[in-house]
Structures are given as C-alpha cells and as structure tokens.
Amino acid sequence: MILEEWIPKEVNGVRLTDQERKIYETLLKVAEARQGDVSLRPRVVVITDLAKDYDDLAAMVVLKELHRLGIIELLGFIANLEPASRRAQFGRGALDQLGLKSIRIAEGTSGFPDPEDGKPNRRHKVETYEFDCPFMAREEDPRLLKGGNSEERLMGQELLEELCESAQKTGQKLTLLLISSLEDIHKFSAVPRLSRKHKKLLRNSISNIVLQGGYQISPEGKVLPIDSANNNRYDPTAAREFHTRMQDAEINSTVYTKTAAIAATLDPEVFAQLAQTRNHVGEHLWKVQKSQDLAFYRNASELEPEKRFRADLDQANFLRTRTNWFDNHTTPPDKFPDGEEISNFTRVVVYDALAAVGVSGDDALAALGVLDLPPMDELLRERTEVRVAKERHKIVGVEGVSSGIHARRMVTVLSALLKGSLMSPPSLSEQPPPFSASFHGASIT
1 MILEEWIPKE
11 VNGVRLTDQE
21 RKIYETLLKV
31 AEARQGDVSL
41 RPRVVVITDL
51 AKDYDDLAAM
61 VVLKELHRLG
71 IIELLGFIAN
81 LEPASRRAQF
91 GRGALDQLGL
101 KSIRIAEGTS
111 GFPDPEDGKP
121 NRRHKVETYE
131 FDCPFMAREE
141 DPRLLKGGNS
151 EERLMGQELL
161 EELCESAQKT
171 GQKLTLLLIS
181 SLEDIHKFSA
191 VPRLSRKHKK
201 LLRNSISNIV
211 LQGGYQISPE
221 GKVLPIDSAN
231 NNRYDPTAAR
241 EFHTRMQDAE
251 INSTVYTKTA
261 AIAATLDPEV
271 FAQLAQTRNH
281 VGEHLWKVQK
291 SQDLAFYRNA
301 SELEPEKRFR
311 ADLDQANFLR
321 TRTNWFDNHT
331 TPPDKFPDGE
341 EISNFTRVVV
351 YDALAAVGVS
361 GDDALAALGV
371 LDLPPMDELL
381 RERTEVRVAK
391 ERHKIVGVEG
401 VSSGIHARRM
411 VTVLSALLKG
421 SLMSPPSLSE
431 QPPPFSASFH
441 GASIT
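Residue numbers (the UniProt record's numbering): 1 to 445.
Just to be clear, a hint being listed does not mean it is correct.
[Claimed, not checked] Once the Cα atoms are required to be at most 30 Å apart in a straight line, the calculated DSSO-like pairs of lysine-lysine come out as:
id	residue 1	residue 2
1	22	394
2	125	258
3	101	169
4	287	335
5	169	199
6	335	290
7	173	200
8	390	173
9	146	197
10	394	173
11	307	125
12	22	287
13	9	287
14	200	222
15	394	169
16	287	101
17	146	101
18	394	197
19	199	146
20	287	125
21	258	222
22	22	258
23	287	258
24	22	9
25	335	307
26	169	200
27	199	222
28	394	29
29	394	222
30	173	199
31	199	390
32	258	290
33	9	29
34	290	125
35	390	197
36	200	390
37	101	22
These aren't lab readings, by the way, just hints derived from the structure by calculation.
With these hints in hand, go ahead and build the complete structure from the sequences.
Written out as structure tokens, the structure reads:
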C-alpha cells in the first residue's frame, strides 16, 4: 500500500499531476528498498549563496522534501557571499518556513579571496530584491550563535569542522553540495595551521561532492575547473586548488553544468503555483523570479559589453537560454523585446535545484531516470589515468555534446519536489521519515 500520508495533498488549488505523483511513488520505493542500510541515505551539508539568485532557495525547497521523504538527511547549511551574515538570517528564516527549525545554518565567507595589501575588496552588488522578504530571522536568533552563553555568530568553518569530525568518528561520511563560491571549502582544506589535519579530515569524512559549476578532465587525467563557470569565477585560484585537493583525496564528485540546467527550464506557472500555496517561501520565489530575470535581461541589453555581467551574456544569449522567444521570432537584434515585455517569454532556470536532486544517491537517480550519461564501457578506450578520473568525477552537461539529462523527466522531478515541498505541512518536515524505526513493517506494493 502506498504511504498516502507522505504524498502531498491539494493545497489552495495546487495539486500534483499524475506524473508528479509517480515521482513520489518512485522515491518512496527507493526509501523502502534502503531499509536497514543507513549508508544509502546521503548525509548532506550545503554551501550556498542564498538570496543572491532564486535558484539557491529553490534548491533548499527541493532538499527539504528529499529530507522529509527520508531520501537524504540534511545536516546543515553554510551561507556565503557578502553580506554573509544577512544570507544566514535569510536562510534561517526560510528553513523555519519549511518546517526545518532544528537544521543549523552558519555564516560563511565573503565568497571572494582576501584582499591583497593596498588593493580594494572585490564586492558583490546587492540587488534590492535579495532580502525583500517577510521571513528574515532576527540577528539575535540564538540558533545563529555558537551556543551556550556565547553571543558570537556560528561560523561556517566551525560548523563544517564539527560535522566532518563527527562523520570521521562515526564512519558515516558526508555528501557536500557546493552551489556557490568555493572560497569556504577551499579555506577549510587550505588553512596553513590546519591544512594537514583538514586534508585528512576531507578524505575520512566526505564520500561525495556534488557541485553546480563546471570542470573538465584533461588529457593527463586531471580535474580542471572551467574558469567561465560562475561559481569558479569568484576566486579562480581557490577553485583550481580545491578541485586538485578533491581529486587527490579520491573523493567522488559530480558537477551539474549550466548546459544541463538550460535543458531543464521550468514553465513560470510552476513558480506561480508555489506562490499559490501561500507559503512565504513560494511567494518570495515567484516575486524574485520575475524581478531577477527582468534585471538580468536589462543587464544583458547593455550596449557596452563591459557593463554586462559578462561580455558574452548579451540579449541574444539571454533570449536563447532563458526564454522561448526564438520559438516564434526571427527578428533582428534591434527588434528584441524591451524591458518588462520579456516576462511574457521567460523560462525558469533553476541551476542549483538540479544539483540538489543530484545528492539523492545513485539508486534514487537511477530510479528517477533523470541522467543520460555516456555508458561506462566507453571509458575502456581511454588512457588509464583519464578513465580513472572519469569514473570518479562525472560531468552532467557538456556544451555542444549532451545535456547529460533526460530533460522532460528532470523537469517533472523538479516540479514535483518544488510543489510538493510547499504543499506538505511544515509541521511534518521533521517527523521520522518513511521506513524509519517508527514505520517498521510499512511497505509499498
């Protein structure tokens, strides 16, 4: 019998489609098949720049639902990118809205390298929509502090060390989800005084790393970050050094690239339905998606390339990757849509949410049928060092080659988990998951 209580019910006219409901049935079967083997349930720590873009919050919504269903165990978040303290407050409030009041979140780094003497800090321009929400936690929220009688903020490096040391002690390794600047994980593994300890800690406490970004395998079998991937651009040196440490520590990884994300764009109606649930997180996602995409389009419309986020990210690029404009238009550049007109054509790109699905575990991903990677026997033709690297480090989405996903299936999974997460009562988010001790004997047929 299907565990009906774990499949979200209709809320304010929002309901799962038959295909979305099947996603839940699939995940519940995965949870049942894992009974008795806790190692199959990934224990996840997330480093994210919440509020910068809407996809970080969308990823949190997806992770919450995977946690509720017992597919993963969420252990904590680190919010980086200046102002990191406010991003931690934003995340604390969002977690509360999702019913995850006991999940910890810590303040991370600025996201940028430490400034050199005499040189100004690199800065992130905070957009007006980033923190314009009704659920920001108070600065003095005790869950943002170290604990005890301390009035100091819990910092990301401290939380990461605590979780890694616990994993090393218990033998229950972690999965890291890295969907922002790599500055924090780089510092964790590179602090001179602690680097030897932390390098050992990485190897002994982390079994898997899932990234949103980009890397490639060199002809020599080296994992090399792609400099143009946004999360590698904050500190290219940190990105290069961490990818090397990850490979040296023999930690498995998967990177979800923009190519995969662009292949799995969502209809804006999905975000409209998130708002319709009346959860403040859903309302915020819908509002910010419209504001952010309009801001991005206006930036892409700058005639002077140096004024754009990146010189090559012009109007044509935006319209090709984030809208359905070219489905019905072949107009020259001077006839591209103006300003708010773009909202009639936008598609929702949730880069980080794809990576969030990616922490589900190999068995869940296989059952969901979302990946479309080259068969492993193709690697037999590769040089040994390249074959070993490609077996351990998987790339989902290679531009001009393959998206790495079954796009329609991934879209259904994303829409199901996003909607279902906000349809589920927050009070149920931290109940024992299906097939835990309290559900012993339950089954799906």
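Numbers of the earlier hints that this structure fails to satisfy, in rising order | No hint contradicted; all consistent.
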